[in-house]
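Colleague: Spelled out, the chains give:
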Amino acid sequence: KAGVTQTPRYLIKTRGQQVTLSCSPISGHRSVSWYQQTPGQGLQFLFEYFSETQRNKGNFPGRFSGRQFSNSRSEMNVSTLELGDSALYLCASSSPWETSGYNEQFFGPGTRLTVL
Amino acid sequence: AQSVAQPEDQVNVAEGNPLTVKCTYSVSGNPYLFWYVQYPNRGLQFLLKYITGDNLVKGSYGFEAEFNKSQTSFHLKKPSALVSDSALYFCAVRDPNSGGYQKVTFGTGTKLQVIP
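Protein chains in written order, with the numbering used here: chain A, 1 to 116; chain B, 1001 to 1116.
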């Protein structure tokens, strides 16, 4: 079974630009979560999608948005990039079942975003 | 609100010695607890989880963790450390009793350094 894939793996942008990151979950998984990882803040939850619906959101500004498609693939978008948005963005998928909160998450390798 | 603490930023251990990476949690009810490991430039990999049942949980690569409800702890252990165990370890918690579908909260991570 193929793992979680994220594209692109590396991205360099300048302040003020916008960026779209993509995540393909493990086949059959309907839950996709996004995290921002930085050395100073650790792993911060961005949002979670299940069956095309956002059902949880972290404490990030509205510049961060996401969506999920009918095939469970997900994208996150960051508009008006700031220097502080430089981070590793991780996507994780889990659970084909709505209430299986006990299922572990499977992480992709991440997208390394650098904002200049 | 749920939370998880990893009190040690870094743990150093000699190869062949037992290792312990500490984790404490705070939830309103009985938690779901997870350990993940992250190698450099990679996403997180699932190690083990506690949902219910036996307090001693065995996971991948010889790791185990003990759930202690009275001390609200879920420390990760391994009887004999390998140099290849050197990585960043994350503890995570989900409170299934807090209503709705709660996100997973990650600790800040503990860097494990196994010295040859």
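Simulated from the structure, these hints should not be mistaken for laboratory data.
Bear in mind the structure is a predicted one, so any value in this text is a computation, not a measurement.
Hints may contain errors.
[Said to hold, decoys possible] Cross-link-like lysine to aspartate or glutamate pairs, in silico, EDC-like; alpha carbons within 20 Å at most: (1) B/K1058 / A/E75; (2) B/K1069 / B/D1085; (3) B/K1103 / B/D1085; (4) A/K57 / A/E75; (5) B/K1022 / B/D1085; (6) B/K1049 / A/E104; (7) B/K1058 / A/D85; (8) A/K57 / A/D85; (9) B/K1103 / A/E52; (10) B/K1022 / B/D1054; (11) B/K1103 / A/E82.
Colleague: Each hint needs a verdict: does it hold in this structure or not?
Modeller: Each hint tested on the structure:
1. B/K1058 / A/E75: Violated, because 35 Å separates the two Cα atoms, which is more than 20 Å.
2. B/K1069 / B/D1085: Roughly 27 Å separates the two Cα atoms, so the pair is violated.
3. B/K1103 / B/D1085: violated (28 Å)
4. A/K57 / A/E75: Roughly 15 Å separates the two Cα atoms, so the pair holds.
5. B/K1022 / B/D1085: The hint holds at about 16 Å.
6. B/K1049 / A/E104: This hinted pair holds, its Cα atoms lying about 8 Å apart.
7. B/K1058 / A/D85: violated (37 Å)
8. A/K57 / A/D85: Between A/K57 and A/D85 the Cα gap is close to 17 Å, so the pair holds against 20 Å.
9. B/K1103 / A/E52: Holds - the C-alpha atoms of A/E52 and B/K1103 are around 16 Å apart, at most 20 Å.
10. B/K1022 / B/D1054: holds (19 Å)
11. B/K1103 / A/E82: violated (26 Å)
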